[in-house]
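K.L.:
From first to last, the protein sequence lines stand for chains A and B. With the first letter of the first sequence counted as 1, position 61 gets the number 129 in the numbering used here; the numbers rise by one all the way through. With the first letter of the second sequence counted as 1, position 611 gets the number 785 in the numbering used here; the numbers rise by one all the way through.
Worth flagging that the hints you see were computed from the coordinates, not collected in a lab. Mixed in with the good hints, there may be bad ones.
Listed next, the in silico DSSO-like pairs over lysine-lysine satisfying Cα-Cα at most 30 Å (straight line) [what the hints assert, rightly or not]:
#, chain 1, residue 1, chain 2, residue 2
1, A, K145, B, K240
2, B, K898, B, K922
3, B, K240, A, K114
4, A, K114, A, K155
5, A, K145, A, K114
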Amino acid sequence: MPERSTELLKGTLDLLILRTLELAPRHGAAIAERIAQTTRGTFQIKAGSLFPALHRLEQEGWIEGAWEVSADGRRVKSYTLTRSGRKQLQAEKATWGRIAAAMAQVLES
Amino acid sequence: MARRLLRRLSSFLRTFVRGLQLDRELDDELRAYLDHEIARRVAAGSSAAEARRLVLAEEGGIEPIKERTRAVRFGFGLATVLQDLRYGARSMARSPGFALVACLTLALGIGANVAMFTVMRSVLWRPLPYADGERLVILDSTWRGLPHAGLSPREISDLRRDSRTLSHLAVVNGVGAHVEIDGEVEFVPAASVSADLLPSLGARPAHGRLFDARDDSLHPDGQVRSVIFSDALWRQRLGADPGAIGRWITVNNTPRQLIGVLPADFQVFLPASTSVQEATHVWFPTSINPAENFRGNGAIGRLRAGVTLDDARRELEVFAARFASDRPEIYRDAAATFRVDALRQALAADIDAGLWMLGAAVAFVLLVSCVNIANLTLARSSGRARELAVRRALGATRVRIVRQLLTESLLLAAIGGAGGLVIGRLGLQLLDWLRTTDLPRQSQVGLDGQVTLFSIGITLAAGVICGVLPAFRFAAGDAQALKAGRADSPARGQRRLQRGLVIAEIALSIVPLVAAGLMVRSFVNLTQAPLGFRPDGIVTAWMPLSFRQFSDVDARVRVHAAVLDRIRELPGVHDVSAASPPPFHDFQVQMLERYGRAGDTGPGSHATRQSALPGYLRVVGTRLVAGREFTDDDLRHKRQVVIIDERIARELWPSGAIGQQMWVGAGRRASPLEVIGVTEPVRVANIGDDSTPHLFVPYHKFTIDMVLAIRTDTPAEALAPVLKRIAAEAGTSRAVMDVWPLRDYVDKSMADTRFMMLVLTAFAGLSMLLAAIGLYGTLSYLTSQRSREFGVRLALGASSRQILRLVAGEGVVLTAIGAAAGLAGAIAAARALRGLLYGVEPLDPATLAAVTAAVAVLAVLASLKPAWSASRVDPTRALRAD
Chain A
69 MPERSTELLK GTLDLLILRT LELAPRHGAA IAERIAQTTR GTFQIKAGSL FPALHRLEQE
129 GWIEGAWEVS ADGRRVKSYT LTRSGRKQLQ AEKATWGRIA AAMAQVLES
Chain B
175 MARRLLRRLS SFLRTFVRGL QLDRELDDEL RAYLDHEIAR RVAAGSSAAE ARRLVLAEEG
235 GIEPIKERTR AVRFGFGLAT VLQDLRYGAR SMARSPGFAL VACLTLALGI GANVAMFTVM
295 RSVLWRPLPY ADGERLVILD STWRGLPHAG LSPREISDLR RDSRTLSHLA VVNGVGAHVE
355 IDGEVEFVPA ASVSADLLPS LGARPAHGRL FDARDDSLHP DGQVRSVIFS DALWRQRLGA
415 DPGAIGRWIT VNNTPRQLIG VLPADFQVFL PASTSVQEAT HVWFPTSINP AENFRGNGAI
475 GRLRAGVTLD DARRELEVFA ARFASDRPEI YRDAAATFRV DALRQALAAD IDAGLWMLGA
535 AVAFVLLVSC VNIANLTLAR SSGRARELAV RRALGATRVR IVRQLLTESL LLAAIGGAGG
595 LVIGRLGLQL LDWLRTTDLP RQSQVGLDGQ VTLFSIGITL AAGVICGVLP AFRFAAGDAQ
655 ALKAGRADSP ARGQRRLQRG LVIAEIALSI VPLVAAGLMV RSFVNLTQAP LGFRPDGIVT
715 AWMPLSFRQF SDVDARVRVH AAVLDRIREL PGVHDVSAAS PPPFHDFQVQ MLERYGRAGD
775 TGPGSHATRQ SALPGYLRVV GTRLVAGREF TDDDLRHKRQ VVIIDERIAR ELWPSGAIGQ
835 QMWVGAGRRA SPLEVIGVTE PVRVANIGDD STPHLFVPYH KFTIDMVLAI RTDTPAEALA
895 PVLKRIAAEA GTSRAVMDVW PLRDYVDKSM ADTRFMMLVL TAFAGLSMLL AAIGLYGTLS
955 YLTSQRSREF GVRLALGASS RQILRLVAGE GVVLTAIGAA AGLAGAIAAA RALRGLLYGV
1015 EPLDPATLAA VTAAVAVLAV LASLKPAWSA SRVDPTRALR AD
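Chain A extracted, bound-state conformation (with noise of 0.2 Å):
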């Protein structure tokens, strides 16, 4: 287990936590390991941090929960991504091509 993880840039935790949901529906743990997988590590999102964000995106409307049976058996709260969620997480993309873009100009000039 990679003990090395990044610190989050602001904000960007939503945008994970959407484009994790685009793919399919998951439960709070599911998304989390998801993250780690992708980026190799790089994100290792705590329960503190998760859940929290979790919850105001539901609450903004972007994602939505609901109750069901995981596949070995157990009661968990699977969330999927809204429609106003998805517009949110294209808006969110197109910003962070914009800083991406930016910052990769300012690094190799």
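Fit chain B to the given chain A structure using the hints.
P.N.:
Leaving out everything else, chain B in the frame of chain A:
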């Protein structure tokens, strides 16, 4: 956008309505998460217990996660407040005694402040109900040492013509009006005003018109026989008939034409120096005669646009110099000094200092109650140290704990504040009842929005003051409290803080105590002041006379004699005579007169003067030191005689005054009067003034409306109808009025001091009681916390008497330090009281000693019970308990 708002609203509501369910779901969700994480580690090879420990350590505990997740809910802040409130209410219910004492003391403190604020705002600060009322000013002068001497028509006329700072200068003087409608005579307060006054106060006629040039006797077409009525008089006596305008009505024995009625909402607020009363019902026109030099006119004006009060004052000095150079024969020896004041300040000039003192006293009371509650809270919450430490350990942040403790004290304060509003209302009624004389603008005193805002403000302040010390003290959340199974003797810092608060309380309560002590001494001195007459058993009654009908002095003397003879024959009447004005009547100030030895050229001193009929001194019991009283013969022959009191006699003729000649009043050209009697010192103007001497002149030297003085066993109420009938049958054609015991005039003159004394004593007693409760509470608490220590001491051989001394000694030391600090403060504060005291110095040793003794006794009483129970500690029990 709207949908978004709707969603927010619904989740906001969900936070409150379904908070519990949301919490349960969050629990489930987190448990699922943890199970998943643990399962993952178990799959990777850890034991179940090991995996669980690792996960929990990594995530940093479940409670903080929950706390943070809940915090993102909309409206969660409010939900927390509600939760804190519920919690606070529960903890109050657990110790109802504490809650009751705290709420009551706060309610008393806040209530007293609300009442005082209401009075001070209405009397001192609220703008006058006149358009642009802040620009209204009153002009006055001091004439040869006489305050409130007013202006002369000539001065007013010059100012009207030439002043660049003042406009609308008008004359106003309070007078009386005998209104005769349908044969029934009624006496009402009235004012005689020049045409500018009413418009300057923003009055508009409800019916008819106001005064103008047509009502000016100096105008070529003018006539003075017009009159304006108040709305109340028009309603009561004329049946609110609009057709009454133009009607001729007999006022003061002269037919006058009613030309206008003022609106119902027109209020009259003019300084006492104009002697215009709030309930003025009749308005007479008056003119300003530029050739007349008599002083005594109230003058009201307006500052012109862009002009300040200081500009007006500077201009008035220029005018004073001009008057003096134009007419040196009048103004020689710098006879007059002029002043101009804002009308609003002038209205409250007499009561200002007293109100500020009471305001300060109630602020002290509230401060003491806050410190007291802080102290009790501190004592109580140290019992809760464990509970708070547990909450800290379970993840509550420090801010959260401070917030909760503050919410609790604010809850206390809010209940106290609500009670305070009620008490404030009652307090206002109490003030009304305590004061026999009216405050200026008393009719405007009342609770309203501003007062409510003030109450909320001081309630919040009180809540914060009560809560902030305990809150920060305990938010530190000592983990030690958890480790030690039970708190031993309280931490040193805590003890120091509590002792400091007790010292502060005692010090704060001493300041109002000293002030109250000084006021009590002043009042006692006043009641024992030698008046120079015996007021008990005497009924007085004004018997006005129409001077037009009885234009000749002899006729007036005859009608008085006739009335007195009839009264003398009444059953229960022992003796009767008359004099005027009665002692301690309001317009006594106007009755100051100059006097001196006949032939002397100095300006003379001034004395109060009464006009008396034969037998008056005998009736009121004024002792003659030498000579004789006036006789019917003196009146019949119009002898030029005078009776003086000892002080004048000593000043002018130390070797014997009888038979000497003196001048009184209208200057040295007046024919001299022969001194025929010398009395004991008589006080009639101001009960607290023993330096102004007094003299009596016979009725024919000073003929004014007389006041009957009747020595009788019959109460005033029973006598009133009889007197009215006798006067009517004698044909005075004026109503007899104000049938009161002479004692009432005396009491009225002490009303302000009595009022101040009662209120201050109540507040001082309250703050002293609070301080005692604080001392008792703190000692009891500290003692109970130290019972184990005492047990050890006893077990090691200390006698219970030593323990008693230890605890009681602590109380005495705290009291001594607090009292010393308080006395230092009181000495500083007492100097500000000087003007309100009578016959006692601000640093009166007796008062200071009495206050110190009272505090000492109370301190000993408050320490006795805790000390006694400390000495009764059973060592085996104290040591065995955990």
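K.L.:
Hint by hint, note whether the structure agrees.
P.N.:
Here is what the structure says about each hint:
Taken as a hint, the K145 (chain A) and K240 (chain B) pair is honoured in the structure, with Cα atoms around 16 Å apart against an allowance of 30 Å. Taking the CA atoms of K898 (chain B) and K922 (chain B), the gap is about 24 Å. The hint holds against a cut of 30 Å. With a CA separation close to 13 Å, the supplied pair K240 (chain B) and K114 (chain A) stays within the 30 Å bound. Distance check on the hinted pair: K114 (chain A) and K155 (chain A) sit about 26 Å apart at the alpha-carbon level, within 30 Å; holds.
The suggested pairing of K145 (chain A) with K114 (chain A) holds, with an alpha-carbon distance near 17 Å, which does not exceed 30 Å.
Violated hints: none; the structure is consistent with every hint.
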